[in-house]
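A.B. asks: Sequence:
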Amino acid sequence: MHKFPPSKSKGPRFSIRRIILHALTLALIPEASFGLAQSTPNYDESVVRRYSLPDLLLASNEKPILSSLDWEETARPFQFELLEKFIYGRQLPPVEVSVLGKERRVDKKYGEIPAVRIQATLQMGTTENSPTTNVLLYVPKSKKKVPVFLKLNFLGNQAEVTDEDIEITENWVISKEGNNRATEASRGTKSRRFPVSSMLTRGYGLATAHCGDFFPDHKDGRATSVLGSLGKPTGEHVPDDEPGAIGAWAWGLSRILDWLLTLPEVDPNRVIVLGHSRLGKAALWAGACDQRFAMVISNDSGCGGAALSRRNYGESIEVITKRFPHWFCPRLATFADHERELPCDQHALLAMTAPRPLYVASAQNDRWADPKGEFLAAVAADPVWKLYNLQGLGTQAMPPENTSIGKMIGYHIRNGDHDLLQYDWNQFADFADRKLQKGTLSQPNKYTPLDSKNKQTLSDFHPDQRSLPMNPPEDAIILLGMDSKPKFTAMNGEPINWAEEDGVLTATRSTRHMNHIVSTEIFQDADIHAEFMTSPIAHGNSGLYIHGHYEMQIYDSFGVKKITQQDEGSLYRFTKPFINASRPTGEWQVYDIRFIAPRRHTDGRIRSPGTLKAWLNGKLVQNGVTFTEPRSPYIPYKHGVTSHLKTIEQTLRETGKGPLFLQDHGSPVKFRNIWIQRLN
Numbered sequence: 041m042h043k044f045p046p047s048k049s050k051g052p053r054f055s056i057r058r059i060i061l062h063a064l065t066l067a068l069i070p071e072a073s074f075g076l077a078q079s080t081p082n083y084d085e086s087v088v089r090r091y092s093l094p095d096l097l098l099a100s101n102e103k104p105i106l107s108s109l110d111w112e113e114t115a116r117p118f119q120f121e122l123l124e125k126f127i128y129g130r131q132l133p134p135v136e137v138s139v140l141g142k143e144r145r146v147d148k149k150y151g152e153i154p155a156v157r158i159q160a161t162l163q164m165g166t167t168e169n170s171p172t173t174n175v176l177l178y179v180p181k182s183k184k185k186v187p188v189f190l191k192l193n194f195l196g197n198q199a200e201v202t203d204e205d206i207e208i209t210e211n212w213v214i215s216k217e218g219n220n221r222a223t224e225a226s227r228g229t230k231s232r233r234f235p236v237s238s239m240l241t242r243g244y245g246l247a248t249a250h251c252g253d254f255f256p257d258h259k260d261g262r263a264t265s266v267l268g269s270l271g272k273p274t275g276e277h278v279p280d281d282e283p284g285a286i287g288a289w290a291w292g293l294s295r296i297l298d299w300l301l302t303l304p305e306v307d308p309n310r311v312i313v314l315g316h317s318r319l320g321k322a323a324l325w326a327g328a329c330d331q332r333f334a335m336v337i338s339n340d341s342g343c344g345g346a347a348l349s350r351r352n353y354g355e356s357i358e359v360i361t362k363r364f365p366h367w368f369c370p371r372l373a374t375f376a377d378h379e380r381e382l383p384c385d386q387h388a389l390l391a392m393t394a395p396r397p398l399y400v401a402s403a404q405n406d407r408w409a410d411p412k413g414e415f416l417a418a419v420a421a422d423p424v425w426k427l428y429n430l431q432g433l434g435t436q437a438m439p440p441e442n443t444s445i446g447k448m449i450g451y452h453i454r455n456g457d458h459d460l461l462q463y464d465w466n467q468f469a470d471f472a473d474r475k476l477q478k479g480t481l482s483q484p485n486k487y488t489p490l491d492s493k494n495k496q497t498l499s500d501f502h503p504d505q506r507s508l509p510m511n512p513p514e515d516a517i518i519l520l521g522m523d524s525k526p527k528f529t530a531m532n533g534e535p536i537n538w539a540e541e542d543g544v545l546t547a548t549r550s551t552r553h554m555n556h557i558v559s560t561e562i563f564q565d566a567d568i569h570a571e572f573m574t575s576p577i578a579h580g581n582s583g584l585y586i587h588g589h590y591e592m593q594i595y596d597s598f599g600v601k602k603i604t605q606q607d608e609g610s611l612y613r614f615t616k617p618f619i620n621a622s623r624p625t626g627e628w629q630v631y632d633i634r635f636i637a638p639r640r641h642t643d644g645r646i647r648s649p650g651t652l653k654a655w656l657n658g659k660l661v662q663n664g665v666t667f668t669e670p671r672s673p674y675i676p677y678k679h680g681v682t683s684h685l686k687t688i689e690q691t692l693r694e695t696g697k698g699p700l701f702l703q704d705h706g707s708p709v710k711f712r713n714i715w716i717q718r719l720n
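One point on numbering: in this note's numbering, the residue at position 31 of the sequence shown is 71, and numbering is uninterrupted.
Think of the hints as simulated: they come from the structure by calculation, not from any bench. Each hint should be verified, as a subset may be incorrect.
Said to hold, decoys possible - In silico lysine to aspartate or glutamate, EDC-like type, Cα no more than 16 Å apart, as pairs: (1) 426 <-> 204; (2) 426 <-> 669; (3) 447 <-> 457; (4) 125 <-> 257; (5) 710 <-> 567; (6) 125 <-> 282; (7) 149 <-> 136; (8) 148 <-> 204; (9) 697 <-> 669; (10) 412 <-> 377; (11) 686 <-> 95; (12) 148 <-> 203; (13) 230 <-> 204; (14) 525 <-> 542; (15) 447 <-> 470; (16) 527 <-> 504; (17) 183 <-> 307; (18) 148 <-> 168; (19) 710 <-> 541; (20) 148 <-> 210; (21) 678 <-> 260; (22) 525 <-> 470; (23) 697 <-> 571; (24) 362 <-> 260.
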């Protein structure tokens, strides 16, 4: 049985056995007996209980965490697992996102700023009954890609703006009238929380969607949430580590991000996730689960968000899990009035953002959300940024009202009540201006540009693709060919179960799209040759995962006029192809790729980006695109992880050498004649 190590602090030691016994004991206590001392919230600092926080720089092996690589490889996964098991529930799996119908685009001026308003209905999944969400996006017209703030809303998109032609949500909303349906009267009622004109003026886009599209915010909302479509239980009784509304809302933010990254107007390196109140909790969890978000902002998120749970101040675990039992995983309720026995606290949630910029905002009159507890959590998260040689908050002194402080962690406490106001937005935009410059983080993890040798290496690459099949060069390492056994294993290191006939492998589909195969040969820089044939089933979706990080997309894109990063020839999540060179399904196609891997420091951080040049069916589709850490949420090291894959990824980070994966994405794509030529 896996055992969680004790905290290095003087707090209580814990193990799974003790936690289970504790939960069983609490289950025998009558509900009325729970936390009598907490039935009335405490607003007196003099009676705040003494507490010690679990050590963030601690992993399951109890070895000291001395570097950013130690954090990423050991402590972060351990702390993330604690947050999953005891607070938010297991992270939900990604699904394919597509636009139903067309994006509804309108050119419009907001003040003096020309902008584009986009409404899109996103389908999350590939079946007819897959859930949908309506997204509203405003972007300033610009020759350059723009950064975007993304937030969920409570009452529907129509409440966020005064535009009369915004679609009114049909899903459940919080309603004083009791019918829980939005009406025309709701238009613009929350526009103060979504300042379109001022943010467009500053060069930022704004995106929003209704939280009820993912999980209606009431105790019975699970039944009509997205969870059922993901194979999760939707009944009254669910396992202790099943996610609730916050998990579903965070998942929804990532699915919207999937779409945003396909838009030509959006800078993929500068999408900022933001949330207010309970949706601030969701924004923090989304930032923890999805590191594609460039910056994370919590506004008045309180208990279960940015505020420390161990402080008996304001809202407590007892109160929040009784009033909103659907928000968290069921296990959290067993720590009502026993917060000091919780194996993790909210400073761990904030630390998940590192080394990216994080902003925590409070309001002076919002005692229920415990502003001091939010500030102290930010202070306690600071050591993780220091592992990256970055300053986090940079102080332990809480600032006066309406004063923004911090380095890579920003903080302010605004005068006034629990709300999201223009002052808050101004601080967020100022912080983003400083920290997200020209699409990259303004931090010491800067990248050395490509040297002239690498540029020359790319320019010299002109493969002959005039006839298929092609014969390999003499120095090629054959991964798949007529006269040799395939040099691939399954994800667990066992023999592959893909069908093989006459040197052709056909992808064997799995229900969760995780039956990838991985080459037994590893390489750093290499020329890669692969011949393939798409299928009409599931859009012919597959790919070449180079090092398991960077996917050259395989897809049935024949005849597509408006190509995107989803189409064949794209470096998935990075850039679309120059031209649509895709052939029809049933015809053999060919990729030739010259791949120059990123170079890393000894602690695992990338010091110079990778690059590649790719030819597809005789056409140049990529030339000199650069990449750092992977952007796709579907990489093999995140889903269906095995000990075999962990060893491969560790080798990759230590040596810069990795394998080639052939992707299973639900389509029986065929492969033949795959080889590599090492360049170093």
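A.B. asks: Each hint needs a verdict: does it hold in this structure or not?
C.D. replies: The hints, checked one at a time:
Pair hint residue 426 plus residue 204 does not hold up; C-alpha atoms about 48 Å apart against a cutoff of 16 Å. Taken as a hint, the residue 426 and residue 669 pair is broken in the structure, with Cα atoms around 20 Å apart against an allowance of 16 Å. As the CA atoms of residue 447 and residue 457 are separated by approximately 26 Å, the hinted pair breaks the 16 Å bound. In summary, the hint linking residue 125 to residue 257 is not supported, as the alpha carbons are separated by about 22 Å, beyond the 16 Å threshold.
Using a Cα cut-off of 16 Å, the hinted pair residue 710 and residue 567 is violated, with the two alpha carbons roughly 20 Å apart. For the hint pairing residue 125 with residue 282, the CA-to-CA distance comes to about 8 Å; that is within 16 Å, so the pair holds. Distance hint between residue 149 and residue 136 is unfulfilled; the C-alpha atoms sit about 33 Å from each other, more than 16 Å. Between the alpha carbons of residue 148 and residue 204 the distance comes to roughly 13 Å, so the proposed pair stays at or under 16 Å and holds.
Pair hint residue 697 plus residue 669 holds up; C-alpha atoms about 14 Å apart against a cutoff of 16 Å. Taking the CA atoms of residue 412 and residue 377, the gap is about 19 Å. The hint is violated against a cut of 16 Å. A hinted pair counts as satisfied when its Cα atoms are at most 16 Å apart, and residue 686 with residue 95 does not qualify at roughly 25 Å. For the hint pairing residue 148 with residue 203, the CA-to-CA distance comes to about 11 Å; that is within 16 Å, so the pair holds.
With a C-alpha separation of about 14 Å, the suggested pairing of residue 230 with residue 204 holds against the 16 Å cut-off. For the suggested pair residue 525 and residue 542, the alpha carbons sit about 11 Å apart, so the restraint of at most 16 Å is met. Taken as a hint, the residue 447 and residue 470 pair is honoured in the structure, with Cα atoms around 12 Å apart against an allowance of 16 Å. Distance check on the hinted pair: residue 527 and residue 504 sit about 25 Å apart at the alpha-carbon level, beyond 16 Å; violated.
For a cut-off of 16 Å, the pair hint linking residue 183 to residue 307 stands: about 12 Å separates their Cα positions. Only pairs whose Cα atoms come within 16 Å are accepted, and residue 148 paired with residue 168 is rejected, the gap being roughly 34 Å. For the proposed pair residue 710 and residue 541, the alpha carbon gap of about 10 Å is at most 16 Å, so the pair holds. At most 16 Å may separate the alpha-carbon atoms for a hinted pair to count; residue 148 and residue 210 exceed this at roughly 26 Å.
Distance hint between residue 678 and residue 260 is unfulfilled; the C-alpha atoms sit about 31 Å from each other, more than 16 Å. Using a Cα cut-off of 16 Å, the hinted pair residue 525 and residue 470 is violated, with the two alpha carbons roughly 58 Å apart. The hinted pair formed by residue 697 and residue 571 fails the criterion: a straight-line CA distance of about 23 Å is larger than 16 Å. In summary, the hint linking residue 362 to residue 260 is supported, as the alpha carbons are separated by about 14 Å, within the 16 Å threshold.
The structure shown violates the earlier hints numbered 1, 2, 3, 4, 5, 7, 10, 11, 16, 18, 20, 21, 22 and 23.
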